[in-house]
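Participant: Okay, here's what each chain looks like letter by letter:
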Amino acid sequence: MSDLLKLTALEAHEAMVAGDLAAAEYTAAWKAAAAGDELNAYLWRNEGAEEGEAIAVARDCIAPIAVKDIFTTEGVPTTAGSRILEGYRPPYTSTAVRKLLEAGAPILGKTNMDEFAMGSSNENSAYGPVLNPWDRERVPGGSSGGSAAVVAGGLAPWAIGTDTGGSIRQPASFCGIVGLKPTYGAISRYGMIAFASSLDQCGPLTRTVSDAALLLGILQGHDPCDSTSVGIEGGVSLPDREDLSGLRFGVPAELARDDFDAGVRAVFEQTLRKIEELGGEIAEVALPSAEHGISAYYVIAPAEASSNLARYDGVRYGMRDGGDSDLIEMYETTRSEGFGPEVKRRIMLGTYALSSGYYEAYYGQAQKVRTRIAEDFSGAFAGVDFVVTPTAPSVAFKLGEKTDDPLAMYLNDFFTVPMSLAGIPAISIPAGLAAPAGGGPQLPVGFQIAAPAFAEQKLLDAAYALEQGIGFDRGPNPGERFSIDRAADG
Amino acid sequence: MARLARLRLSEEEVEKMVGELSGILEHVDRIGNLDLEGVEPTAHVVKLENVLRPDEPRPSLPRDAALASAPEPQDGAFRAPSPQAE
Chain E
1 MSDLLKLTAL EAHEAMVAGD LAAAEYTAAW KAAAAGDELN AYLWRNEGAE EGEAIAVARD
61 CIAPIAVKDI FTTEGVPTTA GSRILEGYRP PYTSTAVRKL LEAGAPILGK TNMDEFAMGS
121 SNENSAYGPV LNPWDRERVP GGSSGGSAAV VAGGLAPWAI GTDTGGSIRQ PASFCGIVGL
181 KPTYGAISRY GMIAFASSLD QCGPLTRTVS DAALLLGILQ GHDPCDSTSV GIEGGVSLPD
241 REDLSGLRFG VPAELARDDF DAGVRAVFEQ TLRKIEELGG EIAEVALPSA EHGISAYYVI
301 APAEASSNLA RYDGVRYGMR DGGDSDLIEM YETTRSEGFG PEVKRRIMLG TYALSSGYYE
361 AYYGQAQKVR TRIAEDFSGA FAGVDFVVTP TAPSVAFKLG EKTDDPLAMY LNDFFTVPMS
421 LAGIPAISIP AGLAAPAGGG PQLPVGFQIA APAFAEQKLL DAAYALEQGI GFDRGPNPGE
481 RFSIDRAADG
Chain C
491 MARLARLRLS EEEVEKMVGE LSGILEHVDR IGNLDLEGVE PTAHVVKLEN VLRPDEPRPS
551 LPRDAALASA PEPQDGAFRA PSPQAE
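If you're matching them up, the sequences are chains E and C in order. For the first sequence, position 260 (counting from the first letter as 1) is numbered 260 according to my numbering, and the numbering increases by one without interruption. For the second sequence, position 33 (counting from the first letter as 1) is numbered 523 according to my numbering, and the numbering increases by one without interruption.
Hints are computed from structural coordinates only; laboratory data are not their basis. Some hints here could point you the wrong way.
[Claimed, not checked] The calculated lysine to any residue pairs, modelled on SDA-like cross-linking and capped at a C-alpha distance of 25 Å, are:
| id | chain 1 | residue 1 | chain 2 | residue 2 |
| --- | --- | --- | --- | --- |
| 1 | E | 402 | C | 570 |
| 2 | E | 344 | C | 536 |
| 3 | C | 506 | E | 403 |
| 4 | E | 402 | C | 536 |
| 5 | C | 506 | E | 358 |
| 6 | E | 458 | E | 88 |
| 7 | E | 458 | C | 536 |
| 8 | E | 344 | C | 516 |
| 9 | C | 537 | E | 227 |
| 10 | E | 458 | E | 282 |
| 11 | E | 99 | E | 88 |
| 12 | E | 458 | E | 279 |
[To be verified] Under 7 Å between C-beta atoms, here's a sample of chain E residues computed to sit facing chain C:
| id | residue |
| --- | --- |
| 13 | 320 |
| 14 | 330 |
| 15 | 365 |
| 16 | 406 |
| 17 | 409 |
[To be verified] Listed next, with one range per pair, are the computed distances between beta-carbon atoms:
| id | chain 1 | residue 1 | chain 2 | residue 2 | range |
| --- | --- | --- | --- | --- | --- |
| 18 | C | 504 | E | 471 | 49 to 55 Å |
| 19 | C | 552 | E | 359 | 50 to 56 Å |
| 20 | C | 552 | E | 441 | 50 to 56 Å |
| 21 | C | 536 | E | 253 | 27 to 33 Å |
| 22 | E | 36 | C | 520 | 55 to 61 Å |
| 23 | E | 400 | C | 531 | 36 to 42 Å |
What you are looking at is a predicted structure, and each value in this text was computed from that prediction instead of being measured. Yeah, the Cβ is synthetic: ideal placement off N, Cα and C, and Gly gets one too.
Generate the whole structure from the sequences, applying the supplied hints.
Facilitator: Right under this line is the structure:
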């Protein structure tokens with residue numbers, strides 16, 4: 001049985017198409033694995049066909065998939081990690097999930113996440129934190145922490161998540177898997193519960209770059225239900241590039257003085273040498289405005305969130321509290337009881353940034369910084385094919401380590417936010433292991449590669465060649481349900 | 491501000507949040523001093539042109555389905571407390 005789970009999603013797909021693997025047996029093996037979730041990674045698991053029609057239409061030739069609980073799925077609980085949506089069963093299915101079902105991928109379950117995708121550790125879920133499969137005392141990253149943990153922990157062959165400022169890439173880095181944030185507009189946002197609409201983008205969390213390419217090919221495309229979706233011209237093919245010759249990789253000059261873990265820096269530099277070994281060229285680029293990314297992001301994202309989350313008012317769906325006599329009283333009670341502390345904090349921040357008298361100083365200024373960051377990248381791409389950075393400033397940190405300091409938590413997104421603001425695609429691939437700054441067993445370190453808008457194919461091809469060159473050991477047998485205590489082991 | 495956002499915060503929550511938000515705003519304020527005179531603000535990253543679709547009637551969500559998740563529907567409609575109670 002466990003041999004089946006060792007297959008990558010692509011290998012399983014090819015075996016099913018060739019008739020060498022029975023889809024029912026393969027899916028059953030994954031359902032059994034998912035049932036053993038000890039990481040609090042699933043909020044809902046698909047245990048039978050009775051859970052809504054949406055689940056039953058799958059044709060079972062694509063590996064079953066775990067879906068972040070931010071995607072609406074008809075008849076299936078969808079909470080976005082929030083108390084305010086507890087028990088909500090949406091009347092419609094998101095385009096991303098519909099495309100998966102049409103391609104033949106059964107839904108394995110819905111994964112835990114930071115409430116409304118606001119967080120970098122998964123500790124903001126109303127349903128408890130997710131544990132990192134490499135070390136259960138550590139966070140899996142966030143906000144797509146559940147989706148990263150199921151893939152790394154052998155509870156799903158692959159998953160989808162969403163990335164607003166790093167929410168796919170950072171958990172992929174912390175869990176030692178591949179995470180891709182596509183270009184804004186590559187995949188429809190219809191039915192993806194909105195956090196910051198100008199930044200939110202769906203993407204794959206997978207074991208391998210090839211799996212990410214297969215999944216992106218299924219998900220991408222224009223959707224009449226999302227007028228900002230454009231798709232990727234020419235679609236996506238499986239990557240097969242063997243070396244990096246003729247490609248130029250830009251390292252931001254600012255990285256030299258940025259403050260991040262020595263272990264992460266060592267893996268980053270070792271990966272640059274690997275790129276050169278594979279025939280790629282390393283060059284320096286300037287991203288002078290990128291250092292203001294966090295400031296601009298934490299104005300723009302909360303501003304959009306405060307507006308998007310106005311819809312949770314206890315009237316049409318979700319929870320309601322606060323009696324029957326006064327409308328405002330009902331709104332305030334429902335929202336105060338239903339939202340967690342981080343969501344309230346961001347609503348307050350966004351309401352403030354958009355309020356009369358402050359709008360220009362905050363939101364207007366942040367939008368101009370956004371322009372500058374986008375210009376930095378287009379300037380860089382005039383001379384290089386890709387921009388590379390570490391994905392996160394550290395390896396996975398301990399549960400509770402940053403919960404009392406929201407700003408420290410936000411700074412986790414330092415390397416991922418600029419690409420989100422510029423709307424360009426970026427992938428995190430596992431590049432090696434490093435010990436945490438405070439000591440302890442080694443943990444995965446991600447390497448981020450960013451490309452110009454809609455250059456996903458080129459990005460995946462290069463990431464694939466680098467992935468083969470690195471030969472990252474995915475650690476604890478991903479085909480077995482995770483049961484090894486690494487701390488005791490190492 | 492909480493009133494504007496339709497949130498009710500306890501005194502304890504307010505105290506904690508004031509400190510946290512000050513720290514965050516202090517960081518954010520770094521962009522306040524940048525000279526960005528004449529820079530176009532970016533609201534949306536992909537250059538899109540407005541397009542119109544044909545105005546054709548299409549089936550929409552059936553009333554039952556739309557009301558299925560409503561907290562307290564009544565007579566085929568959403569129901570809420572009176573806005574005039576204040």
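Participant: Evaluate each hint against the coordinates.
Facilitator: Taking the hints in turn, this is what the structure says about them:
1. E:402 x C:570: Since the Cα atoms of residue 402 of chain E and residue 570 of chain C sit roughly 40 Å apart, the hinted pair is violated (cutoff 25 Å).
2. E:344 x C:536: Between residue 344 of chain E and residue 536 of chain C the Cα gap is close to 30 Å, so the pair fails against 25 Å, i.e. violated.
3. C:506 x E:403: Between residue 506 of chain C and residue 403 of chain E the Cα gap is close to 13 Å, so the pair holds against 25 Å.
4. E:402 x C:536: It is violated: about 34 Å lies between the C-alpha atoms, which goes past 25 Å.
5. C:506 x E:358: 22 Å, holds
6. E:458 x E:88: Outside the cut-off at roughly 40 Å; violated.
7. E:458 x C:536: Holds, because 19 Å separates the two Cα atoms, which is no more than 25 Å.
8. E:344 x C:516: The hint holds at about 19 Å.
9. C:537 x E:227: Roughly 12 Å between the alpha carbons, so the hint for residue 537 of chain C and residue 227 of chain E holds.
10. E:458 x E:282: 17 Å, holds
11. E:99 x E:88: Given that 25 Å is the threshold and the Cα spacing comes to 22 Å, the pair holds.
12. E:458 x E:279: Measuring from Cα to Cα gives roughly 16 Å; hence the hint holds.
13. 320: 4 Å, holds
14. 330: 5 Å, holds
15. 365: 5 Å, holds
16. 406: Constraint on residue 406 of chain E satisfied, holds at 5 Å.
17. 409: 10 Å, violated
18. C:504 x E:471: 49 to 55 Å: 53 Å, holds
19. C:552 x E:359: 50 to 56 Å: 40 Å, violated
20. C:552 x E:441: 50 to 56 Å: Given a distance of about 55 Å, which is inside 50 to 56 Å, the answer is holds.
21. C:536 x E:253: 27 to 33 Å: 28 Å, holds
22. E:36 x C:520: 55 to 61 Å: 47 Å, violated
23. E:400 x C:531: 36 to 42 Å: 38 Å, holds
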